[in-house]
Amino acid sequence: MSNPDPVKVSIQHLSLAYSDGKESLRNVSLDVRSHAITVLFGPAGGGKSTLLRTINRLNDLTDVVHVSGSVRLDGEDILDPATDLISLRRRVGMVFARPVVLPMSVRQNLTYGLELAGERNPARLAELVERSLRAAALWEEVEGRLDDPAISLSGGQQQRLCLARVLALEPEVIMLDEPTSGLDPISTGKVETSLQELKHEYTLLLVPHSVQQAARTADYAAFMLEGELIEFGPGKDLFTRPQEQRTEDYIEGRFG
Amino acid sequence: MALNAQRRRITQQVGFGVLLLAALLTVLPIALIVGLILWRGAPAISLEFLTAAPRDGMKAGGILPAIVGTFWLTLGTAVVVVPFGVGAAVYLSEYAPESRWTRLIRIAIINLAGVPSVVYGLFGLGLFVLFLRFGTSILAGSLTLAIMTLPVIISTAEEALRAVPQSFRVVSISLGGTQWQTIRRVVLPQAVPGILTGVILGLERAAGETAPILFTAAAFFLPRLPGSPFDATMALPYHLFVISTQVPGMPIQLQYGTAAVLLGFVLVMNLLATVVRSRARARRQW
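Keeping their order, the protein sequence lines are chains A and B. Sequence positions in the first sequence follow our numbering and run 1 to 256. Sequence positions in the second sequence follow our numbering and run 1 to 286.
These aren't lab readings, by the way, just hints derived from the structure by calculation. Ideal Cβ positions, reconstructed from N, Cα and C, are used throughout, including at glycine.
So these bits of chain B aren't anywhere near chain A, every CB distance computed over 10 Å:
id	residue
1	Leu3
2	Asn4
3	Ile10
4	Leu38
5	Ala42
6	Val82
7	Leu112
8	Ala113
9	Pro116
10	Pro223
11	Pro248
Estimated spans, in silico, between C-beta atoms of each pair:
id	chain 1	residue 1	chain 2	residue 2	range
12	A	Ala97	B	Phe16	40 to 48 Å
13	A	Ser70	B	Ala163	34 to 42 Å
14	A	Gln212	B	Asn270	56 to 64 Å
15	B	Ser278	A	Gly189	39 to 47 Å
16	B	Ala23	A	Ala97	37 to 45 Å
Generate coordinates for the entire structure from the input sequences, incorporating the hints supplied.
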């Protein structure tokens, strides 16, 4: 293997607990490399979403009672209370399992985050709208409908709009939490194709909706179970020669 | 077996009948009240009735000062209650953590809603008219009505805010929005129709109340139109009370006519609320 890409997000000994005692993380350590797709997979309740929501501090909206360890983005500990959350969330974009388009037009969905950030230049906004829609493989389908309500798009289009909305902010890391769970196979294919393109420019963290999708897309894969990281390595190794019995059992469908 | 099935069917039909009757019984009083008042009051309503001041010991002429007074009182109430009510609702729904403090606020709101309107009137007399020296005035009356209306506005506005899907807030925050940007650009616009409905219904009640303005704003007979917020004024509900009980030999059709105008005022506001709500529902994107 050629030189591995630099580490973008370094997670060290991360533990986290919610006040209701639900899904938590136990001593998770993981290096997310840039220009690659790192896949987090495993049964529900294993801590995958929690891990994503820790990296952009979206967990701050939830009742978290305990966090320890560190999450470094380009060497900077983002768990530090002094972290500028607004700029962190612009650098680390997130696409959710259910496409949530904001109750406004297609175009406004794309410019929303930019305007919040103070971008007012119409030419710049128009350029970012087109570029992000092209990158999300949606431009041809919505070119003439930019001022329609975003809710009028199909489910697959809405999810690609959500991806485009994150891309418009020109983030460094994009996290996708089961982005294709509600989509038909064709839409899923389009999203996966986009991801393969995007990884050249961004650092991608993906929670796939199936083991098959994990195996298809992973450059690196992490198997998570009940809040612990069981196994982590390059995707082609992990899915063909898992080191851990529990990883092998899960991949082969013996539980989960 | 067959007998049992038949009996159950009859029981069901009797049940439906009783429920239908209960539903009809709620329609009956409103139909009778509105019908009677419009039927008896319509002949009294003329251009003069709506545009002139009362004459001859209120036994002739019109009720314009009362209409204008009620209009200003309602508007004054709105100006005070909307920012405070919506502000309180945003605080409770979006910012306040569940704590002993917010529970206390909620209990206060519930109890405020249960205070009899005459008590508000006396409170307004004590605080606004006497202590703050606003005198018997539109200002004092509006403030009193605003306090009375506050719990309704807060409750409906908070409900409207909570009805906006949480996922919108999470998405906005994840796109780098601050909490205030999220509220102002996503949550509030989506809640506006619900808030407006509550505001109109609250103001409608304020417009029709007599007791809170009795000691704070209303004048027995004041044919000129109010010129400033510090003027006392005639008002429709109080005028109706006066001509129905305080003035002997009052022509009955004037009483019905005044009631019809007050009812019309309130019904128009009600209609407005219904239109706002249904149009917003048709446009809602979630």
